[in-house]
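Trainee: Chain residues, written in single-letter form:
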Amino acid sequence: AQSVTQLDSQVPVFEEAPVELRCNYSSSVSVYLFWYVQYPNQGLQLLLKYLSGSTLVKGINGFEAEFNKSQTSFHLRKPSVHISDTAEYFCAVSGNTGFQKLVFGTGTRLLVSP
Amino acid sequence: DTEVTQTPKHLVMGMTNKKSLKCEQHMGHRAMYWYKQKAKKPPELMFVYSYEKLSINESVPSRFSPECPNSSLLNLHLHALQPEDSALYLCASSQERGPTGELFFGEGSRLTVL
Chain E
485 AQSVTQLDSQ VPVFEEAPVE LRCNYSSSVS VYLFWYVQYP NQGLQLLLKY LSGSTLVKGI
545 NGFEAEFNKS QTSFHLRKPS VHISDTAEYF CAVSGNTGFQ KLVFGTGTRL LVSP
Chain D
744 DTEVTQTPKH LVMGMTNKKS LKCEQHMGHR AMYWYKQKAK KPPELMFVYS YEKLSINESV
804 PSRFSPECPN SSLLNLHLHA LQPEDSALYL CASSQERGPT GELFFGEGSR LTVL
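Those protein sequences? They're chains E and D, same order as listed. Converting from the first sequence to the numbering used here requires adding 484 to each position, the first position being numbered 1. Converting from the second sequence to the numbering used here requires adding 743 to each position, the first position being numbered 1.
Read the hints as simulated data drawn from the structure, not as lab findings. The beta-carbon is built from N, C-alpha and C at its ideal position, and this holds for glycine as well. Watch out, some of these pointers could steer you wrong.
Simulated coverage check for chain E against chain D, where a stretch passes if three residues somewhere in it have a Cβ under 8 Å from a Cβ of chain D [what the hints assert, rightly or not]:
(1) 522-528
(2) 542-555
Using 20 Å as the maximum straight-line C-alpha spacing, the simulated EDC-like pairs for lysine to aspartate or glutamate come out as follows [said to hold, decoys possible]:
(3) D:K781 / E:D492
(4) D:K796 / D:E827
(5) E:K585 / D:E801
(6) E:K585 / D:E827
Which chain D residues stay away from chain E? Per the calculated CB distances, all over 12 Å, these [what the hints assert, rightly or not]:
(7) K762
(8) A774
(9) S793
(10) P812
(11) L816
(12) S837
(13) G841
(14) T855
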């Protein structure tokens, strides 16, 4: 079974500052890793995913994440945030076989203030 | 068209009512999902349909009854619900049914059970 830990429930940051949202996973098999964003009163949208290959993954809206197998981490970063990035961010993991059964972390609320 | 449309957006029902949630996508996706999201919690998988057949039921109580009438539609029939079933119900679809695919989410149906 897979699991995901997002230690930070909330991350406040000022506009144009860099941000890192932390994600650690646990699995006995190789996994696929995802970051989804949920804006207020909306569904989730895929930011980026790691399947294989280069450990640095670039996504939409200027976000990127780095897969680190030795530290079992998949932290999300953005060099300069905007007010519009205020949202809930979910890290998720799926196993490498079968159907798409995403297991989500508990989420990190990113609060960007002017 | 990359939308997943869910209706109704809000639903209030009593414990003896029967109601249905509807989900529609026209992206040609052959896998469709129901997730349940309680307030300030991550989404939890309920059901997966693949090629209009129920493939995964995550031990969901029988008061929730999914139905996939065709490849574009997914319903969730609700009967004799409990107040603790109040949540945001998210529908999603994916082009691939395997573990690497991106899920496209609707905005959800917010259910309140009185």
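Trainee: Now tell me, hint by hint, if it's right for this structure.
Mentor: These are the hints, each one checked on the structure:
1. 522-528: holds (count 4)
2. 542-555: violated (count 0)
3. D:K781 / E:D492: holds (19 Å)
4. D:K796 / D:E827: violated (28 Å)
5. E:K585 / D:E801: holds (10 Å)
6. E:K585 / D:E827: Cα-Cα ~24 Å, so violated.
7. K762: Nearest chain E Cβ is 20 Å from D:K762, so the label holds.
8. A774: violated (7 Å)
9. S793: The claim is violated: D:S793 sits with its nearest Cβ about 7 Å from chain E, within 12 Å.
10. P812: Nearest chain E Cβ is 21 Å from D:P812, so the label holds.
11. L816: The claim holds: D:L816 sits with its nearest Cβ about 17 Å from chain E, beyond 12 Å.
12. S837: At about 6 Å from chain E, D:S837 fails to clear the 12 Å cut-off, so the statement is violated.
13. G841: violated (6 Å)
14. T855: holds (15 Å)
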